[in-house]
Amino acid sequence: MKKIFYILSLCLLLSVACEKSNPNDENPVEVPTSLTYVATTIADHDAVIVRASDFESGAPVVVVLAEDLKLSTRSAEKVDINFKAAEHCLIGGYVLCVIEAASGDDISFLSNLKSEFPYAPKFYLLSYRNGLAYTAAMQMPDAFAAYACVSGAIDVETYKANSFTKPVSFVHVHATENPVCKWEGVENKTVSVPLSVGAIVAINECLTFKTSEVLPREGKGRVTCTRYTDALSGCDVMLYSVESANSGWCDEEFEVYNQIWNFLKTH
Amino acid sequence: MKKFIILLAALFVCHQASAGSLKTETFEDQGLTRSYYLYIPNDLPAGAPLVFILHGYGGSANAYVNNSSLTFKQLAEEYKVALCYPQATTDPRPNTGWNVYYPWQIDKMKVDDCEFICNLAKHLHTKYNLSAKNTFLTGMSNGGEMCYLMAYRKPKEFAAIASMAGLTLVEMAKRHNYESPIAFMEVHGTGDMTSRWEGDPTNQYGWGAYLAVPVAVGAVAAGNKCMYQETTELPQIKNRVIFHRYYGSPSGKEVHFYEVRNGGHNWATDSFDSCRVIMEFFKQNMTK
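Residue numbers (my numbering), protein chains in the order written: chain A, 9 to 275; chain B, 18 to 305.
Just so you know, not all the hints are guaranteed correct.
Straight line, CA to CA, 25 Å or less: simulated SDA-like cross-link-like pairs of lysine to any residue [unchecked claim]:
hint, chain 1, residue 1, chain 2, residue 2
1, B, 242, A, 195
2, A, 218, B, 214
3, A, 168, B, 247
4, A, 168, B, 38
5, B, 300, B, 128
6, B, 191, A, 240
7, A, 174, B, 197
8, B, 242, A, 151
9, B, 242, A, 110
10, B, 191, A, 197
11, B, 242, A, 125
12, B, 242, A, 50
13, B, 242, A, 169
14, B, 242, A, 43
15, B, 191, A, 190
16, B, 242, A, 54
17, A, 197, B, 197
18, B, 171, A, 195
19, B, 144, B, 248
20, B, 242, A, 112
21, B, 242, A, 194
22, A, 174, A, 226
23, B, 242, A, 171
24, B, 242, A, 259
25, A, 174, B, 196
26, A, 218, B, 250
27, A, 168, B, 128
28, A, 168, B, 62
29, B, 173, A, 171
30, B, 139, B, 121
31, B, 242, A, 170
Beta-carbon label-pair distances, calculated as ranges [said to hold, decoys possible]:
hint, chain 1, residue 1, chain 2, residue 2, range
32, A, 228, B, 252, 53 to 61 Å
33, A, 266, B, 222, 34 to 42 Å
34, A, 195, B, 52, 45 to 53 Å
35, A, 187, B, 149, 53 to 61 Å
36, B, 129, A, 270, 44 to 52 Å
37, B, 129, A, 220, 24 to 32 Å
Here are a few chain B residues that sit away from chain A, every Cβ distance over 10 Å (derived from the structure) [claimed, not checked]:
hint, residue
38, 42
39, 118
40, 219
Calculated from the structure, these hints are not laboratory results. Built from N, CA and C at the ideal position, the CB exists for glycine as well.
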């Protein structure tokens, strides 16, 4: 009986010892747990800078141009940037700079953005519910490492007045039944989404394309990713077509932030 | 019996009356004697449009003139246009073919077929009093490649261009840009195993590297700055035919793209009346 007791005690001690020697416990992974929001003004545009609380100054910057962000309070505590994308910068390890801007705005101020983030190694530009990423791709193709557009398209007047002159890496996410910024274009307002993307495919001299299905969230419609590749310029283009009527981020349909960031970070 | 012979003779006369004249002619260009067929419909008015029809690789103008599934001659009577079927020269392979920068043609084939077609057009405008501003081009396969090359190089010489199963070779895209808008049409089978829908960026199949067909058509639409699109499906006869219309360009020049689902390397006449669709597209782009 005593022997059995000793053996059991020994086993218990060994198991505790093994638990204590778990390397994860000795060196726990530092996961940032919170975000800091700083309300500011960039070239007369209301802006919010979002970063992890343990932010590293060498992180890349994703600039988001969007309107109706409720930035008017100018109070860091009360700022409501109105979308979940902010939380993704924790995962991606980048700084998010959301600037209030609308279709047709003069975006030349973006060329001075680097002075706001002197230690940032790279800048990416995303336009949300407007086509300013396309405007920037036409007017300042060298300013950003890659460009993205979600639920926006080229503004017709801007397209009449400007052309794509240099290749750019570009990703576009759009719902095929978007009732606001329509897939097929809106006369005198926005260019069709495939034609917007096609204009960049043409200037990039992409030769071919590959289509794949992206895993949608449960019960949601099909999400198709068309990747335009083999570009003579080396700049590729991606189009996510989402079978829904979402005119926003389409994050209800699939892991949109991951997909966009996975594209941006490779450029 | 006599009545039967008279009836036959009457039918023959009627047929002759409705058919225009088909001529074989030659034209000196770039030091070569080039041949072509010219079809002039009856009662063709002065200043009538001129349509060039280009054959495919290894093919001949003669085969196209006599191809009963190509209804261009009947349509020429209806639309009152003259038709020209030029003959390509023999390339270094050696096969009859238009110089569109296939790998074996580059630096070896001296003839400039874009120049030839344009020079021949000017000759015919003068000789037959045909319209210089209403000159059109269509062609299949190698002839379709000529359509893309002409859209790059000579967009102002044609009121509209229609390619059947044509391709944009990478060599074209490297050498040229779309400088001027052009009314353009492409008909292409998604199951075309010769001129592949998905392109051949690495020249796996030997024609030279070429763009995926939707990318090539998109490049023309981008060159035109088309801004809007409509997608409709034609009434189904054999293969499904999806029609993509790209429009709203500042010049008004549209791009029409007929995607023939599972269609092969042909004029797709079994799936829709492609010859009439081409003529109708040309008619839409006629200038007064």
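Consistency of the hints with the structure:
The hinted pair formed by residue 242 (chain B) and residue 195 (chain A) meets the criterion: a straight-line CA distance of about 14 Å does not exceed 25 Å. This hinted pair checks out: residue 218 (chain A) and residue 214 (chain B) have alpha carbons roughly 12 Å apart, not beyond 25 Å. Restraint check: the Cα-Cα separation between residue 168 (chain A) and residue 247 (chain B) comes to about 20 Å, which is no more than 25 Å; the hinted pair holds. Restraint check for residue 168 (chain A) and residue 38 (chain B): the C-alpha separation of about 47 Å exceeds 25 Å, so the hint is violated.
Distance hint between residue 300 (chain B) and residue 128 (chain B) is unfulfilled; the C-alpha atoms sit about 31 Å from each other, more than 25 Å. For the hint linking residue 191 (chain B) to residue 240 (chain A), the alpha-carbon distance of about 9 Å falls within 25 Å, and the restraint holds. Between the alpha carbons of residue 174 (chain A) and residue 197 (chain B) the distance comes to roughly 18 Å, so the proposed pair stays at or under 25 Å and holds. The straight-line distance between the Cα atoms of residue 242 (chain B) and residue 151 (chain A) is roughly 24 Å, inside the 25 Å bound, and the hint therefore holds.
Taking the CA atoms of residue 242 (chain B) and residue 110 (chain A), the gap is about 23 Å. The hint holds against a cut of 25 Å. With a C-alpha separation of about 33 Å, the suggested pairing of residue 191 (chain B) with residue 197 (chain A) is violated against the 25 Å cut-off. Between residue 242 (chain B) and residue 125 (chain A) the CA atoms are separated by roughly 36 Å; this puts the pair beyond 25 Å, and the hint is violated. At most 25 Å may separate the alpha-carbon atoms for a hinted pair to count; residue 242 (chain B) and residue 50 (chain A) exceed this at roughly 33 Å.
With a C-alpha separation of about 11 Å, the suggested pair residue 242 (chain B) and residue 169 (chain A) falls inside the 25 Å cut-off, and the hint holds. Under the criterion of a C-alpha separation no larger than 25 Å, the hint pairing residue 242 (chain B) with residue 43 (chain A) is inconsistent with the structure, at around 43 Å. The hinted pair formed by residue 191 (chain B) and residue 190 (chain A) fails the criterion: a straight-line CA distance of about 33 Å is larger than 25 Å. Between residue 242 (chain B) and residue 54 (chain A), the direct Cα distance comes to roughly 33 Å. Violation of the 25 Å bound is thereby established for this hinted pair.
In summary, the hint linking residue 197 (chain A) to residue 197 (chain B) is supported, as the alpha carbons are separated by about 24 Å, within the 25 Å threshold. For the hint pairing residue 171 (chain B) with residue 195 (chain A), the CA-to-CA distance comes to about 30 Å; that exceeds 25 Å, so the pair is violated. Between residue 144 (chain B) and residue 248 (chain B), the direct Cα distance comes to roughly 42 Å. Violation of the 25 Å bound is thereby established for this hinted pair. The straight-line distance between the Cα atoms of residue 242 (chain B) and residue 112 (chain A) is roughly 18 Å, inside the 25 Å bound, and the hint therefore holds.
Restraint check for residue 242 (chain B) and residue 194 (chain A): satisfied, since their Cα atoms lie roughly 15 Å apart, inside the 25 Å limit. A hinted pair counts as satisfied when its Cα atoms are at most 25 Å apart, and residue 174 (chain A) with residue 226 (chain A) does not qualify at roughly 40 Å. Distance hint between residue 242 (chain B) and residue 171 (chain A) is fulfilled; the C-alpha atoms sit about 9 Å from each other, no more than 25 Å. Among the hinted pairs, residue 242 (chain B) with residue 259 (chain A) is inconsistent with the structure: their alpha-carbon atoms are about 31 Å apart, more than 25 Å.
The hinted pair formed by residue 174 (chain A) and residue 196 (chain B) meets the criterion: a straight-line CA distance of about 16 Å does not exceed 25 Å. Under the criterion of a C-alpha separation no larger than 25 Å, the hint pairing residue 218 (chain A) with residue 250 (chain B) is consistent with the structure, at around 24 Å. Taking the CA atoms of residue 168 (chain A) and residue 128 (chain B), the gap is near 38 Å; set against the 25 Å cutoff, the hint is violated. With a C-alpha separation of about 39 Å, the suggested pairing of residue 168 (chain A) with residue 62 (chain B) is violated against the 25 Å cut-off.
Distance check on the hinted pair: residue 173 (chain B) and residue 171 (chain A) sit about 21 Å apart at the alpha-carbon level, within 25 Å; holds. At most 25 Å may separate the alpha-carbon atoms for a hinted pair to count; residue 139 (chain B) and residue 121 (chain B) exceed this at roughly 30 Å. This hinted pair checks out: residue 242 (chain B) and residue 170 (chain A) have alpha carbons roughly 10 Å apart, not beyond 25 Å. At roughly 33 Å, the beta-carbon separation of residue 228 (chain A) and residue 252 (chain B) lies outside the given 53 to 61 Å, and the hint is violated.
Distance hint check: the CB atoms of residue 266 (chain A) and residue 222 (chain B) are about 37 Å apart, consistent with the given range 34 to 42 Å. The hinted range of 45 to 53 Å is satisfied by residue 195 (chain A) and residue 52 (chain B), whose Cβ atoms lie roughly 48 Å apart. Range check, residue 187 (chain A) to residue 149 (chain B): Cβ separation about 47 Å, and the 53 to 61 Å hint is violated. A beta carbon spacing of about 47 Å between residue 129 (chain B) and residue 270 (chain A) agrees with the range 44 to 52 Å that was offered as a hint.
The hint said 24 to 32 Å for the Cβ distance between residue 129 (chain B) and residue 220 (chain A), and at roughly 42 Å that hint is violated. Distance to chain A confirms residue 42 (chain B) as a non-interface residue, since its nearest Cβ pair spans about 39 Å, more than 10 Å. Look at residue 118 (chain B): its CB is around 15 Å from the nearest CB on chain A, clear of 10 Å, so calling it non-interface holds up. A Cβ of chain A approaches the Cβ of residue 219 (chain B) within 10 Å, the least distance being about 8 Å, so the stated non-interface status is violated.
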